[in-house]
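Build out the structure end to end from the sequences listed, making use of the hints.
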Amino acid sequence: MRFLSKALVITWKDALSEMRTKEVLSSVVVFALLVIVIFNFAFGASQEKMLLVAPGILWVTFTFAGMLSINRAFIPEKEQGCLEGLMVCPISREAIYIGKMLGSLLFMLIVEAIALPIFTFLFNLPVLSLQLVVVTVLATLGFVAVGTLFSALAVNTKAREMVLPILFLPIVVPLIISAVKASELALSRESWATLASWLGIMGAFDVIFLVVSFLVFAFVIEE
Amino acid sequence: MGKSYLRNILSAVSFLLMAASLYMVFVYVPTEATMGIVQRIFYLMVPVAWLSLLSFLIVFIGSILYLRKKQSRWDVLARSSAEIGIIFTTLTLITGSLWARPVWGVWWTWEPRLTATLVLWFIYLAYFLARSLAAEEHRGATFAAVVGILGFVDVPIIGLATTLWRGIHPGALIFQGGLAPSMLLTLMVSLAAFTALYSLLLLQRISMKNDEIEIKRLLGLTAERHNTGDR
Chain Z
1 MRFLSKALVI TWKDALSEMR TKEVLSSVVV FALLVIVIFN FAFGASQEKM
51 LLVAPGILWV TFTFAGMLSI NRAFIPEKEQ GCLEGLMVCP ISREAIYIGK
101 MLGSLLFMLI VEAIALPIFT FLFNLPVLSL QLVVVTVLAT LGFVAVGTLF
151 SALAVNTKAR EMVLPILFLP IVVPLIISAV KASELALSRE SWATLASWLG
201 IMGAFDVIFL VVSFLVFAFV IEE
Chain U
224 MGKSYLRNIL SAVSFLLMAA SLYMVFVYVP TEATMGIVQR IFYLMVPVAW
274 LSLLSFLIVF IGSILYLRKK QSRWDVLARS SAEIGIIFTT LTLITGSLWA
324 RPVWGVWWTW EPRLTATLVL WFIYLAYFLA RSLAAEEHRG ATFAAVVGIL
374 GFVDVPIIGL ATTLWRGIHP GALIFQGGLA PSMLLTLMVS LAAFTALYSL
424 LLLQRISMKN DEIEIKRLLG LTAERHNTGD R
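So the sequences go chain by chain: Z and U.
If you're matching positions, the first sequence starts at 1 in the working numbering and goes up one per residue.
If you're matching positions, the second sequence starts at 224 in the working numbering and goes up one per residue.
Treat the hints with care, as some may be off.
Ranges between beta-carbon positions, derived for each pair [claimed, not checked]: (1) Ile38/Z x Ser355/U: 42 to 48 Å; (2) Gln294/U x Met87/Z: 23 to 29 Å; (3) Ile38/Z x Met258/U: 41 to 47 Å.
Hints are computed from structural coordinates only; laboratory data are not their basis.
Beta carbons: idealized from backbone N, C-alpha and C, even for Gly.
Written out as structure tokens, the structure is:
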């Protein structure tokens, strides 16, 4: 319990600094909207075509927006020496991981909660269903589980934000495949049973990568 | 000098097995009825695909041991295996394309196993990139180990997702239908030959890496002597 409260303090710190600056959230939301609009130009706006490409657009948007915000998870920490501060705190490295991970999860869910209704509005699609919400939450959890670890790794390299996509994208391929396929099924109003295997893959991915990232995180930020 | 003895034996074994498997692939084994002569690529493709997975298993084990014990020999093991692994993964992609062209009429199809192999190839690249972009050598080794562990854990999930994504592919029938005994024997000899070759390459690469480390150490030592001598 004490572990969780320590982690939540870090999450709260991130939320507070975000509420005061609104740096990441505002730019990521605008970025997500821009990507949606640009895809609209790329594919043409006919309704039948949209139903085909919508799941792809949705997940490319969320993947890029997620990468943008996850990249920011550790860069300010590093730039302003906050990471050193966190590391001399009497908290375990694992608590730092959970705290940062929950922070990124919160940001991404907020971005998605804003982007999804707009997506529905712009493309006239039945996006707001319970199925799609479950798919989004499961996929986002896996994203931030891996993303937080690689963000901490990338910030300690020479190329910084350039590194994250190259490390992150191959690992989350199964998540993207499952999210796109499950969203496709959800958009054509299939039953939960047809989605089950995709939800299963995402659930397994989330659990496995939360545990593995939790275990190796300490090695990544060690000086 | 026990190690070079072992390497000599392995060289001889892999040479003999390789010669035997070449004979079997081109002379002994009958041509497959439906796919024709191109099916012989199979005896090359399966062993190189197997090695790309085996190499990653060794990378995984080496990475875990390195993170636990922080001894550079485990990093040398993981890194050497990754270097061999990316070559065999590339070969898997090439032989896969050569197979796909006559059988399906295209160089590349998003067939589940080919897709999974491509993702594996990208993870190998990420492994080397994580190492090369770190400022210090030991950090690079740690970063690479982290990618090695996450990447290997990901392999079964990638396999599952790509299979579900595209459905079962015709190649799977080869295993379900059962191979003719002569084909199975040829495949087994090829697998043994390539596994022996892998072990040989791995030992060779590790001893090269160790020599490099030793030379670096000695150079550092002489530079130090030189500096103190000047003063």
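Here's how the hints hold up against the structure:
Against the hinted window of 42 to 48 Å, the Cβ-Cβ separation of Ile38/Z and Ser355/U comes to about 33 Å, which falls outside the hint. The hint said 23 to 29 Å for the Cβ distance between Gln294/U and Met87/Z, and at roughly 24 Å that hint holds. Hint check: Ile38/Z to Met258/U, Cβ distance near 44 Å, so the stated range 41 to 47 Å holds.
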